[in-house]
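Novice: Sequence order for the protein chains is C and V. Under the working numbering, the first sequence is numbered contiguously, ending at residue 336. Under the working numbering, the second sequence is numbered contiguously, ending at residue 868.
These are computed hints drawn from the structure, not numbers from a lab. Heads up, some of the hints might be wrong.
[What the hints assert, rightly or not] Here are the computed lysine-lysine pairs in the DSSO-like style, where the Cα-Cα straight-line distance is at most 27 Å:
1. C:K38 - C:K216
2. C:K47 - V:K825
3. C:K47 - C:K36
4. V:K788 - V:K831
5. C:K47 - V:K777
6. V:K777 - C:K180
7. C:K102 - C:K164
8. C:K102 - V:K777
[What the hints assert, rightly or not] Only some residues are given here: those of chain V computed to face chain C with a beta carbon under 10 Å:
9. L778
10. I779
11. D813
12. G814
13. F821
14. F847
15. T849
We treat Cβ as the ideally placed atom computed from N, Cα and C, and that holds for glycine.
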Amino acid sequence: MELILDFLSKFVTQFQTPTLAFLIGGALLAAFKSKLFIPDAIYKLIVFVLLMKIGMKGGIEIRNADLTTMLLPVLFAFLLGLITVYLGVFFFSCIDKVKQVDGIATAGLFGAVSASTLAAAMVVLEQESVHFEAWVPALYPFMDIPALVLSIVLANIHIKKEEGKTKKEIDIKGIIKSSLRGSALSALLLGLFLGFLAKPDELLHTFYEPLFKGFLSMLMLVMGMEAYSQIHELKKAAHWFILYGVFAPIINGLLAFGLGYIAHITVGFSPGGVILFSVIASSNSDISGPPTLRAAIPSANPSTYLGASTSIGTPVAIAICIPLFISLAEIVF
Amino acid sequence: MEIHHAKKVVIITEKLISESVCELIKDSHASGYTICSVGGSSERNVKSSDDGASVVGDFSNVKIEAILKDQDEALHLIEMVVDEFFTDFSGICFIEDVQVLRTSKF
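Bound-form chain C, shown alone (with noise of 0.2 Å):
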């Protein structure tokens, strides 16, 4: 009861936040159909801002870090990118109504990771003053690039059982190498290694540090935007993807939380890299996933997997996992 209670005031707050009111006020925006325009330009330099932000202080802190506390955190990043998608998976292949691959593709893009929600969780977890491990973002790449790479593996060995076509073999390197190469993953990537060899402290300082919480309301406002512009091709797609889309993000969260709850034991993974640890597994890949999938797994109908994401699974985890996760660490720790 009282972990009900008091998620449901950090709920009430969260709405007072200008990180969710940014993401309401977007998709408002978007519903009256209103002209107010973010050319592409702009939302891609806000997010090479943000994520080098995120790179370089988490490069910074490696560079003083204990490397053998992040190992086990790494190790679970990793399992959680593989056992998120097994669930999914496992979720639409019950459902006899639902495509098997567009499940499998769904569930590849919830188990990978976004860039947006990363960084609205950091915004989040410094105005709440809790603090984080900042290598915490650096596991990114080891929760995203496994589900990517297993559901698109999945997906093939399915096309090649129901078609029994003798299909190209799955280029693993391949999938690797396009998500380093999206744009947010190499920013944060870059990042982490300029902050690591590069000591850009100063610069952090006075120029990417102060303009990060204003850069992240703007992304917020474009992902509001597109949450409600994605959701006509949600009606394309079965009742289920919205089912999934509500509950995977918060399974996947819990999943993660109980694992970061044992590095917590184990290594002092502290309780704001738990949380944190948390909303990145709940979060779904917004940016470099859907072109991954799309070009990998063809068969899949992108309304399905990107409705899902972008209209329900990117705001739930928002608007729901960050507070969530946010009251379930004062009540354990």
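Dock chain V against the given chain C, drawing on the hints supplied.
Specialist: Just chain V now, kept in the frame of chain C:
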């Protein structure tokens, strides 16, 4: 100045596969191609042509044009594109009559 008849192959498809389509064009008799972003409406979807922010990148459409000397070459190219890509990806192809000045360019 003499004007010569030629065929223009127009392929409107997903940006995601544009590189692979262009590879096919390079392997055909065409000596080059033109590619541009497009928007519009089809039986599958409405695609915006503006340059507003799109979170999900690479889901936009492109128009690829290539000029070939004769009908057979043009037909062969669009058959290859349709066979290779259009089972799973959306797209349309058509051939137009065009007139060119310098045949040596094609």
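Novice: Hints first: check each against the structure and report whether it holds.
Specialist: Against the structure, the hints come out as follows:
1. For the hint pairing C:K38 with C:K216, the CA-to-CA distance comes to about 24 Å; that is within 27 Å, so the pair holds.
2. Under the criterion of a C-alpha separation no larger than 27 Å, the hint pairing C:K47 with V:K825 is consistent with the structure, at around 23 Å.
3. Restraint check for C:K47 and C:K36: the C-alpha separation of about 23 Å stays at or below 27 Å, so the hint holds.
4. Restraint check for V:K788 and V:K831: satisfied, since their Cα atoms lie roughly 15 Å apart, inside the 27 Å limit.
5. A distance of roughly 17 Å separates the Cα atoms of C:K47 and V:K777; the hinted pair therefore holds under the 27 Å criterion.
6. The hinted pair formed by V:K777 and C:K180 meets the criterion: a straight-line CA distance of about 19 Å does not exceed 27 Å.
7. Restraint check for C:K102 and C:K164: the C-alpha separation of about 14 Å stays at or below 27 Å, so the hint holds.
8. Between C:K102 and V:K777 the alpha-carbon distance is near 25 Å, which keeps this suggested pair within the 27 Å criterion.
9. With a least beta-carbon distance of about 6 Å to chain C, the hint placing V:L778 at the interface is held under the 10 Å criterion.
10. Given the 10 Å rule on beta carbons, the hint for V:I779 holds: about 7 Å separates it from the nearest Cβ of chain C.
11. With 10 Å as the threshold, the beta carbon of V:D813 comes within range of chain C, its nearest partner Cβ sitting at about 5 Å, so the hint holds.
12. Given the 10 Å rule on beta carbons, the hint for V:G814 holds: about 5 Å separates it from the nearest Cβ of chain C.
13. Look at V:F821: its Cβ gets to within about 7 Å of chain C, closer than 10 Å, so that hint holds up.
14. Against a cut-off of 10 Å between C-beta atoms, the interface hint on V:F847 holds, since the closest Cβ of chain C lies about 8 Å away.
15. About 8 Å separates the beta-carbon of V:T849 from the nearest beta-carbon of chain C, less than 10 Å, and the hint is met.
Checked against the numbered hints listed earlier, the structure breaks none of them; every hint is satisfied.
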